[in-house]
Amino acid sequence: MQQSFDLRRFVNRDANLFQLFVVTALIFVLMTALNPDKFLRIYNFESMSFIAPELGLLSIAMMLSMLTGGIDLSLVGIANLSGILAGLFFHAMGGEHGPGLANLPLGWVAVGVAITIGTGLLAGAVNGLLITKLHITPMLATIGSAQIYVGLSLVLTGGPAVVGFPGWWDAIGNARVLGIALPLVLFLVLAGLVALVLTRTPLGIDLFLIGSGSKAARFAGIRMDRAVFASYVAGGVLASIAGILLSGRVNAAKADYGTTYVLEAILISVLGGTNPSGGKATVLGVAVALLGLMMLSSGFQLLRFSNFLVDFIWGAFLLIVIAINAIRSRTR
Amino acid sequence: MSALLRRSETVIFLVLVAAIVVIGLIRPEAWELANLFSLLRANVITGIMALGVLTVMISGGFDVSFPYFAMAAMYITLLGMLATGYSGVVLPFIVATLIGLLLGVLNGFLVYYLRMIPLIATLGSGAMVRGFLLGAIGTANINIDRMPPALIKFASLHLVKLTEPDGTTIELSAMVLIYLALALVVHLVLNHTMIGRGVFAVGGDREAARRAGFDVRRITYFIYCLAGALAGFAGLLYVSMSWLANPRDLAGSELDVIAAVVLGGASIFGGRGSVLGTMLGVFMLVLVNNSLIILHVSTTWQRVAVGAIIIVATGVTAWRDRKRAAYRKQTA
Numbered sequence: 001m002q003q004s005f006d007l008r009r010f011v012n013r014d015a016n017l018f019q020l021f022v023v024t025a026l027i028f029v030l031m032t033a034l035n036p037d038k039f040l041r042i043y044n045f046e047s048m049s050f051i052a053p054e055l056g057l058l059s060i061a062m063m064l065s066m067l068t069g070g071i072d073l074s075l076v077g078i079a080n081l082s083g084i085l086a087g088l089f090f091h092a093m094g095g096e097h098g099p100g101l102a103n104l105p106l107g108w109v110a111v112g113v114a115i116t117i118g119t120g121l122l123a124g125a126v127n128g129l130l131i132t133k134l135h136i137t138p139m140l141a142t143i144g145s146a147q148i149y150v151g152l153s154l155v156l157t158g159g160p161a162v163v164g165f166p167g168w169w170d171a172i173g174n175a176r177v178l179g180i181a182l183p184l185v186l187f188l189v190l191a192g193l194v195a196l197v198l199t200r201t202p203l204g205i206d207l208f209l210i211g212s213g214s215k216a217a218r219f220a221g222i223r224m225d226r227a228v229f230a231s232y233v234a235g236g237v238l239a240s241i242a243g244i245l246l247s248g249r250v251n252a253a254k255a256d257y258g259t260t261y262v263l264e265a266i267l268i269s270v271l272g273g274t275n276p277s278g279g280k281a282t283v284l285g286v287a288v289a290l291l292g293l294m295m296l297s298s299g300f301q302l303l304r305f306s307n308f309l310v311d312f313i314w315g316a317f318l319l320i321v322i323a324i325n326a327i328r329s330r331t332r
Numbered sequence: 333m334s335a336l337l338r339r340s341e342t343v344i345f346l347v348l349v350a351a352i353v354v355i356g357l358i359r360p361e362a363w364e365l366a367n368l369f370s371l372l373r374a375n376v377i378t379g380i381m382a383l384g385v386l387t388v389m390i391s392g393g394f395d396v397s398f399p400y401f402a403m404a405a406m407y408i409t410l411l412g413m414l415a416t417g418y419s420g421v422v423l424p425f426i427v428a429t430l431i432g433l434l435l436g437v438l439n440g441f442l443v444y445y446l447r448m449i450p451l452i453a454t455l456g457s458g459a460m461v462r463g464f465l466l467g468a469i470g471t472a473n474i475n476i477d478r479m480p481p482a483l484i485k486f487a488s489l490h491l492v493k494l495t496e497p498d499g500t501t502i503e504l505s506a507m508v509l510i511y512l513a514l515a516l517v518v519h520l521v522l523n524h525t526m527i528g529r530g531v532f533a534v535g536g537d538r539e540a541a542r543r544a545g546f547d548v549r550r551i552t553y554f555i556y557c558l559a560g561a562l563a564g565f566a567g568l569l570y571v572s573m574s575w576l577a578n579p580r581d582l583a584g585s586e587l588d589v590i591a592a593v594v595l596g597g598a599s600i601f602g603g604r605g606s607v608l609g610t611m612l613g614v615f616m617l618v619l620v621n622n623s624l625i626i627l628h629v630s631t632t633w634q635r636v637a638v639g640a641i642i643i644v645a646t647g648v649t650a651w652r653d654r655k656r657a658a659y660r661k662q663t664a
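If you read the protein sequences in the order shown, they are chains A and B. Numbering-wise (the numbering used here), the first sequence opens with residue 1 and increments by one. Numbering-wise (the numbering used here), the second sequence opens with residue 333 and increments by one.
One should not assume that every hint holds.
As the list claims (entries may be wrong) - Here are some chain A residues pointing at chain B (derived, C-beta under 10 Å):
#, residue
1, L73
2, G158
3, L196
4, V197
5, V270
Derived by calculation from the structure, the hints in this document are not laboratory data. All of these numbers come straight from a predicted model, not from anything done at the bench. We put the CB at the ideal spot given by N, CA and C, even for glycine.
Generate the whole structure from the sequences, applying the supplied hints.
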């Protein structure tokens with residue numbers, strides 16, 4: 001019984017992944033054809049490797065919430081709030097600007113990282129408690145908590161960006177390791193870690209079971225609340241790390257940075273084969289979808305499409321992908 | 333008496349009265365007629381859009397696209413008026429309402445025909461419409477010097493005009509009447525027509541409603557078209573009242589509206605909600621935002637307040653639902 005269930009899931013997953021690889025390859029070919037001399041430049045892919053990881057981490061966090069049939073609309077709010085808290089801490093330690101801030105020692109920067117991740121942990125725990133203890137629907141719980149996280153960011157900064165971060169902090173978003181962008185390395189490590197937890201640990205298997213049918217999972221004696229709680233905490237931590245990458249890359253943090261990331265993370269997650277009703281998701285799928293969509297948007301930007309039109313294309317892409325999935329699953 | 337107390341409308345009403353009394357005791361100017369009139373005026377736009385969201389939520393759906401529909405309807409209508417030099421009032425409002433209604437058809441199609449999760453479908457359609465509006469139609473503000481005077485004159489109509497001893501005049505906007513009339517119409521449609529019964533039936537149990545002979549397809553299109561039409565109307569009224577048309581406006585206001593509807597006792601799972609409750613919820617939300625200013629609390633706290641309202645309101649609703657379910661289990 002267990003064997004055949006796993007086998008079917010594997011085949012299904014592979015069909016999805018195969019389709020995804022084909023779509024990504026098509027995007028690659030199309031964009032190369034449309035921008036013959038610009039798209040294939042190494043510079044283009046290098047800049048993607050610095051920008052994509054923050055969105056990738058948010059997408060994996062979104063996938064984790066969708067895995068149990070929920071959704072986390074507060075992720076971008078968590079990312080910005082944790083970046084702002086770290087920025088304010090650095091300003092308190094090294095001054096608002098100048099060499100004192102830029103040369104802040106590594107030790108203090110490490111404390112800043114701890115503050116950031118602590119914020120993500122706490123914010124994720126609040127989400128988890130609202131959902132598992134107060135039984136608020138994930139959508140409304142995270143819409144509400146997102147308002148609070150964004151609101152706190154506004155209260156702390158008064159609106160404008162916190163500009164100026166220590167050199168070590170900026171290095172997290174801009175440095176290279178053996179020629180590869182550090183953000184990309186971090187993303188690959190964290191993505192691997194999440195994949196490992198999802199496929200090789202009891203917690204991961206619990207999450208899949210909860211998503212594929214809450215009642216069955218309850219009868220199987222799974223401590224559902226604990227697993228769901230853990231998934232939102234993990235989402236909060238991933239979002240706060242995305243906050244580090246974002247504020248490190250642009251050397252600033254603001255309450256309304258990356259507001260379109262919410263939609264894009266949902267899109268990447270769904271395109272990557274995640275079922276928004278729960279029970280189906282792979283980290284590899286999310287990573288491939290991320291690659292495809294980054295190529296799509298950078299290609300359109302090279303064609304001098306306005307950012308608004310790129311947003312339009314993302315929205316249309318989301319609807320078309322779900323529509324195709326819906327029609328396919330109906331005819332099957 | 334106890335039946336009256338159990339109604340969520342009564343509870344919100346009592347909380348509302350208590351809030352007004354407390355705020356007035358701290359800041360007596362809150363009770364001044366000028367402030368009360370401006371409070372009522374501030375209800376109009378949020379209130380009209382909330383009527384649409386209420387209908388969607390009663391049917392078990394969800395909508396976050398309507399502010400973007402509102403802005404698209406408003407902006408296209410205004411550009412048309414400027415291009416043709418048309419100076420009437422009624423036709424532009426009909427056009428804006430129809431544009432909103434047509435966009436609503438898109439949501440109905442996505443939710444009914446493609447069976448998309450309403451949140452994701454409307455996130456996608458909202459992003460698409462916003463991206464298209466700003467990317468392909470325009471981003472320029474239409475300032476007061478170009479705003480059609482007829483619209484401004486219409487929106488400046490007032491019911492009562494009083495002159496204070498110091499010479500300043502205070503007015504009660506006649507737009508409040510439009511809001512009340514629309515609320516009455518939606519109330520009558522929901523409670524005294526077949527399609528209104530259908531909206532509740534679909535929200536209570538979709539499959540049961542279908543078997544009972546309700547046309548689920550027609551009802552789904554109806555509610556999303558109604559929400560779109562009300563948003564289109566509200567969009568044009570909004571810029572007529574504020575004398576400035578910025579196609580980027582109202583972004584994010586979906587959360588205020590959803591907070592108001594949830595606060596008014598509507599259930600996200602459908603089947604429950606009332607126009608009166610929603611109107612009280614809207615009033616409560618406007619009162620909170622307005623009172624923060626009167627109490628000299630920084631406006632940056634508004635987002636936190638809205639978030640807290642969403643969480644408290646949904647938490648209480650979830651708690652009440654579980655208590656009712658437990659009670660039913662006991663008596664069964």
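Each hint, compared with the structure:
| no. | hint | verdict |
| --- | --- | --- |
| 1 | L73 | holds, 9 Å |
| 2 | G158 | holds, 6 Å |
| 3 | L196 | violated, 28 Å |
| 4 | V197 | violated, 25 Å |
| 5 | V270 | holds, 7 Å |
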